[in-house]
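> If you want the building blocks of each chain, they are given just below.
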Amino acid sequence: MTITKTVNENEATLKVEGWLDTQASPDFHQELENLEPEIDSLILDFSALEYISSAGVREVVAAYKKMDGALVVKNVSSGIMSIFKATGIDKKVRFENA
Amino acid sequence: MRKKPRLSIIVQIAIVFVIAMHLSIGLIPFFGKYYLMKRAVAVNQDTAEGVANLVRYYIEPRLPMSSLSEEHLNQTRELFRELCINFHFRYVYLYAPVEDGIMYYIAAAEDDHMHEEIQKIRPYGTVVKRAPYQAETDILAGEKDCGYQFVTNQFGRVCMFIFPVKDKDGNVVAFIGIDDDLSDVQLELAKEQQMLMLAVLVYFIITHILSLVLLRRVVIHPIDSLSKKMRSFIEDKNTELPKRSYIFTDEVTDIQDSFEKMAGDISAYVKDIEEYSMEKAKDAAQIDVARKIQSDIVAPDFNIIGNGYNAFCVERPARAVGGDFYDIFSLNDKEICVIVGDISGKGISAALFMVMVKTNLRNYVNSGASMAEVLKHVNGEICRTNSQDMFATVFLSVLNTETGVLRYANAGHEKPLFLCENPYYLEPDSGMALGLFDDATFVDEECTLKDNQGILIYTDGIVESINTKKKQYGMNLLKENVKNLCAHSAEKYESEKVVRFVIDSVDDYSKDMEQFDDITCVALIYRDNEKERLLLKPELSSFDIVKEKMIAFLGNTEESRNKIMACEEMFSNIVNYSGTDTINVIFRLKYNVFAVELIDHGVPFDPINAVIRNKDFLELDTGGMGIKLARLNTKEMIYSRTDDSNRLLMKYDLPKNDIPKNDIPK
Numbered sequence: 001m002t003i004t005k006t007v008n009e010n011e012a013t014l015k016v017e018g019w020l021d022t023q024a025s026p027d028f029h030q031e032l033e034n035l036e037p038e039i040d041s042l043i044l045d046f047s048a049l050e051y052i053s054s055a056g057v058r059e060v061v062a063a064y065k066k067m068d069g070a071l072v073v074k075n076v077s078s079g080i081m082s083i084f085k086a087t088g089i090d091k092k093v094r095f096e097n098a
Numbered sequence: 001m002r003k004k005p006r007l008s009i010i011v012q013i014a015i016v017f018v019i020a021m022h023l024s025i026g027l028i029p030f031f032g033k034y035y036l037m038k039r040a041v042a043v044n045q046d047t048a049e050g051v052a053n054l055v056r057y058y059i060e061p062r063l064p065m066s067s068l069s070e071e072h073l074n075q076t077r078e079l080f081r082e083l084c085i086n087f088h089f090r091y092v093y094l095y096a097p098v099e100d101g102i103m104y105y106i107a108a109a110e111d112d113h114m115h116e117e118i119q120k121i122r123p124y125g126t127v128v129k130r131a132p133y134q135a136e137t138d139i140l141a142g143e144k145d146c147g148y149q150f151v152t153n154q155f156g157r158v159c160m161f162i163f164p165v166k167d168k169d170g171n172v173v174a175f176i177g178i179d180d181d182l183s184d185v186q187l188e189l190a191k192e193q194q195m196l197m198l199a200v201l202v203y204f205i206i207t208h209i210l211s212l213v214l215l216r217r218v219v220i221h222p223i224d225s226l227s228k229k230m231r232s233f234i235e236d237k238n239t240e241l242p243k244r245s246y247i248f249t250d251e252v253t254d255i256q257d258s259f260e261k262m263a264g265d266i267s268a269y270v271k272d273i274e275e276y277s278m279e280k281a282k283d284a285a286q287i288d289v290a291r292k293i294q295s296d297i298v299a300p301d302f303n304i305i306g307n308g309y310n311a312f313c314v315e316r317p318a319r320a321v322g323g324d325f326y327d328i329f330s331l332n333d334k335e336i337c338v339i340v341g342d343i344s345g346k347g348i349s350a351a352l353f354m355v356m357v358k359t360n361l362r363n364y365v366n367s368g369a370s371m372a373e374v375l376k377h378v379n380g381e382i383c384r385t386n387s388q389d390m391f392a393t394v395f396l397s398v399l400n401t402e403t404g405v406l407r408y409a410n411a412g413h414e415k416p417l418f419l420c421e422n423p424y425y426l427e428p429d430s431g432m433a434l435g436l437f438d439d440a441t442f443v444d445e446e447c448t449l450k451d452n453q454g455i456l457i458y459t460d461g462i463v464e465s466i467n468t469k470k471k472q473y474g475m476n477l478l479k480e481n482v483k484n485l486c487a488h489s490a491e492k493y494e495s496e497k498v499v500r501f502v503i504d505s506v507d508d509y510s511k512d513m514e515q516f517d518d519i520t521c522v523a524l525i526y527r528d529n530e531k532e533r534l535l536l537k538p539e540l541s542s543f544d545i546v547k548e549k550m551i552a553f554l555g556n557t558e559e560s561r562n563k564i565m566a567c568e569e570m571f572s573n574i575v576n577y578s579g580t581d582t583i584n585v586i587f588r589l590k591y592n593v594f595a596v597e598l599i600d601h602g603v604p605f606d607p608i609n610a611v612i613r614n615k616d617f618l619e620l621d622t623g624g625m626g627i628k629l630a631r632l633n634t635k636e637m638i639y640s641r642t643d644d645s646n647r648l649l650m651k652y653d654l655p656k657n658d659i660p661k662n663d664i665p666k
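Chains as they are written, first to last, in the numbering used here: chain A, 1 to 98; chain B, 1 to 666.
Calculated from the structure, these hints are not laboratory results. Fair warning: this is a prediction, and the values are worked out from it, not measured in the lab. For glycine and all other residues, C-beta sits at the position ideal for the given N, C-alpha and C. Warning: the hint list may mix true and false statements.
Claimed, not checked - Which residues of chain A face chain B? A few of them, derived with a C-beta cut under 8 Å, are:
#1 Met1
#2 Thr2
#3 Gln23
#4 Thr87
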C-alpha cells in the first residue's frame with residue numbers, strides 16, 4: 001500500500017493505492033495521526049485501491065470521526081463499495097465518483 | 001391310448017342271452033330225445049310185457065319149438081299178427097340165439113304188406129348173423145327179466161322190446177321180440193319238443209327280462225349313476241354327492257359306499273394338498289418378495305465415488321434372506337452416512353426387522369440429530385414395537401467430506417478398522433444392541449480422517465468365518481491382511497479394492513467350508529482433495545502467503561480480492577483472539593468450489609453461530625465487522641471443533657470460466 005498525501009489549504013487528499021489490509025491499516029492509521037492540526041477536511045481517493053479489509057474500513061470510520069464528518073471518499077470501485085455498503089458506512093460517509 | 005369300443009352291459013347281457021338261447025334250443029333235441037325215448041319205452045314197455053306174457057303163455061307149454069307142428073306154427077303166427085294189430089306194434093316175433101347170430105322162428109307184422117314180406121325174408125329157421133344185444137346178454141346171464149334195444153335196419157327205426165321164453169327148468173330157450181315203431185314216437189317227440197322249446201323260450205325271455213329289469217335296477221342304474229358321480233368328481237372335485245336310498249345292501253351298494261368314502265377321502269386329501277400347496281406357494285412367494293425387497297434395500301454390492309470420498313460395500317447373505325444390512329447415502333452435499341448392522345437371526349423375520357431398523361435409522365439420521373441421539377431414538381422406536389425380541393447391532397457413522405471429520409456411534413457392533421498406513425481398530429464405546437433395552441444410552445464419538453484414510457466396517461460373519469480346522473478368521477488376521485495390502489500397494493486406498501481383498505481373503509481362509517453367517521463389509525475412504533497445506537505462525541504477516549496462494553487459485557480480480565478479504569478477516573481473528581500456537585491452512589479444490597480451511601488449536605470459537613452485536617456507526621472503528629464481511633463474501637462457512645481444534649472451512653465459488661478440468665468427476 002502506498003499513500004500519497006496532497007494538501008490544499010485546510011483540505012488534505014490521501015490517495016491510497018494497493019491493498020489496505022489488516023497489516024497495512026496501522027500505516028494508514030499513522031498517516032491519519034500525522035495529519036496537520038489545521039486540516040479540517042479530508043478526501044480519500046480510493047481510485048487505485050485494490051483491496052480493503054475490515055481493518056481498513058475501521059480506519060475510514062476513524063478518519064470520519066477525526067474530521068468530524070468532513071470526509072469524502074472518492075472513486076471507490078464497485079467491489080470495494082459493496083464492502084462499505086455491507087458495513088453500513090455508506091449511510092454516513094459521503095462517497096463521490098468523479 | 002387307443003379308445004376301446006364301447007359295449008354296454010345290457011348289450012353284453014343280451015348277446016349272452018341270445019347265445020344261451022341258441023345253445024339251449026340246440027341242446028333240447030339232443031337231451032330231450034333220450035328223455036322222451038325213455039319215456040316212450042317206459043309207457044310201451046307195459047303193453048309190450050302184456051303181449052309178451054300172452055305169447056309166453058301160449059308158447060311155453062308147447063316147448064320145445066321143434067315139436068311144434070305146421071298148424072301150431074300158423075296159429076302162433078296168427079296170434080302174433082293179431083297182437084301186432086291190436087296192440088299197435090310193428091313186429092312181433094320169436095327167435096332164439098344161435099352161434100354168431102339169431103334164428104327166427106315165427107314173425108308177424110302189423111301191416112299186411114309187411115306181414116307177407118316178413119314171411120318171405122324171415123321164414124322159420126332163418127338165421128341172421130349179428131352180435132347179441134346188451135339186453136339179450138343181460139337176460140341170458142339172468143340179470144334182467146326184460147330189456148329193449150333201439151334198432152335201425154331195413155325195417156325202419158324201432159324200439160325192440162326183448163322178453164325171454166323159458167322152459168320148465170327156467171332156461172331161456174328163445175326171445176320174444178316186439179318192435180315198436182319209433183316214427184310215431186318221433187312225431188310225438190317233435191310235438192313235445194316244440195312245446196318244450198316254446199316253454200323254454202318263454203322262460204328264457206321272461207327270466208331274462210326280469211333279470212334285466214333287476215340288473216338295471218340293482219346294478220346298471222346304480223353303476224351308471226356312480227360313474228356319473230365319478231366323472232363329476234373328477235371334473236369339479238365335487239365332494240357333495242347326492243344321497244341315495246336303498247333297501248338292501250349288496251356288492252353295488254358296497255362299491256357306492258366305498259366310492260363315497262374314497263371320494264370324501266380324496267377330496268379331503270386334495271383340499272389338504274391344495275391348502276398345503278397354497279401355503280408353500282405363498283411361502284415361496286414371500287421369500288421371493290423378501291429377497292427382492294432385501295436386494296432392493298441392501299444391494300449385494302454398492303459402489304459410490306463422491307466428492308471427497310469413495311465407498312464400497314459387499315453384502316453376501318448365508319441364506320436366501322439375510323440379517324446383515326448396510327446403508328450408504330448422502331445426508332447433504334457434504335456429508336455421507338454409512339451404516340452397517342447385523343440383525344439377530346436370519347430369514348424373513350430378520351429381513352423385515354432389518355427393513356424397520358434401516359428405515360428408522362435413515363429417517364432419523366436425516367433429522368440432523370447426533371449419532372448417539374439417532375441410535376437412542378431408533379432404539380426407542382424398536383423397543384416399542386419389537387414383539388419378537390429381536391435385536392440389531394449397528395455402527396452408525398457420518399463423514400463430513402469437506403473436513404474429513406467422521407462422527408460415529410456404536411450400538412453393540414464390531415469395532416471398525418481404521419484404514420491408514422498402519423491400520424488399527426477404533427475403540428468406540430460398545431453401546432448396546434438396538435431393541436434390547438429401551439433405556440440404553442449411546443456415546444457420540446468422532447475422529448478426523450486425513451486424505452486417503454478411511455474406515456472398514458464389517459459384520460461378525462467376516463471375523464467369525466472358520467477354516468477347516470474350526471479356527472476363526474479373527475480380528476488380528478483381518479488387521480494384518482489389510483496392513484499387508486496397504487504395504488504392498490503404493491497407491492491410495494480404494495474402497496472397492498480393500499473390500500474385495502477382505503472378502504477374497506475370508507473366502508480363501510474358509511474355503512471348503514459352507515458360509516454359515518452373512519458377510520458384510522463396507523469401506524469408506526476419505527479423499528481430501530487437498531491441494532496445498534500451510535503451517536503458519538499466528539501472525540498477521542503469515543497471511544501474505546495465504547493471499548498469494550489464493551490469488552493463484554482465484555486470480556487477482558475485484559471479486560477474488562473480496563474473497564481473500566473474507567479469509568483475512570477470519571485469519572486475523574484467529575491471530576488476535578485464539579491464543580493458538582500454529583495455524584494450519586488447507587486449500588482444496590472440488591468441482592467448481594474452492595475451499596480454504598483454517599485450523600487452530602486455540603480457544604473454542606464458532607464464528608458461524610457467534611452473536612454479532614450491531615454496533616453504532618461511531619463504534620465501528622473498534623472492529624466487529626470482520627465476521628460479517630467474511631460471511632458475506634464466502635459461499636459457505638463451516639465450523640467444527642474436533643481434536644481440540646477449531647476447524648473453519650470457507651468455501652468459494654470458482655470463477656465460472658475457470659473450472660479446473662481434472663477435478664470434474666467422470
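> Among all the numbered hints in the text so far, which are the ones the structure does not match?
1, 2
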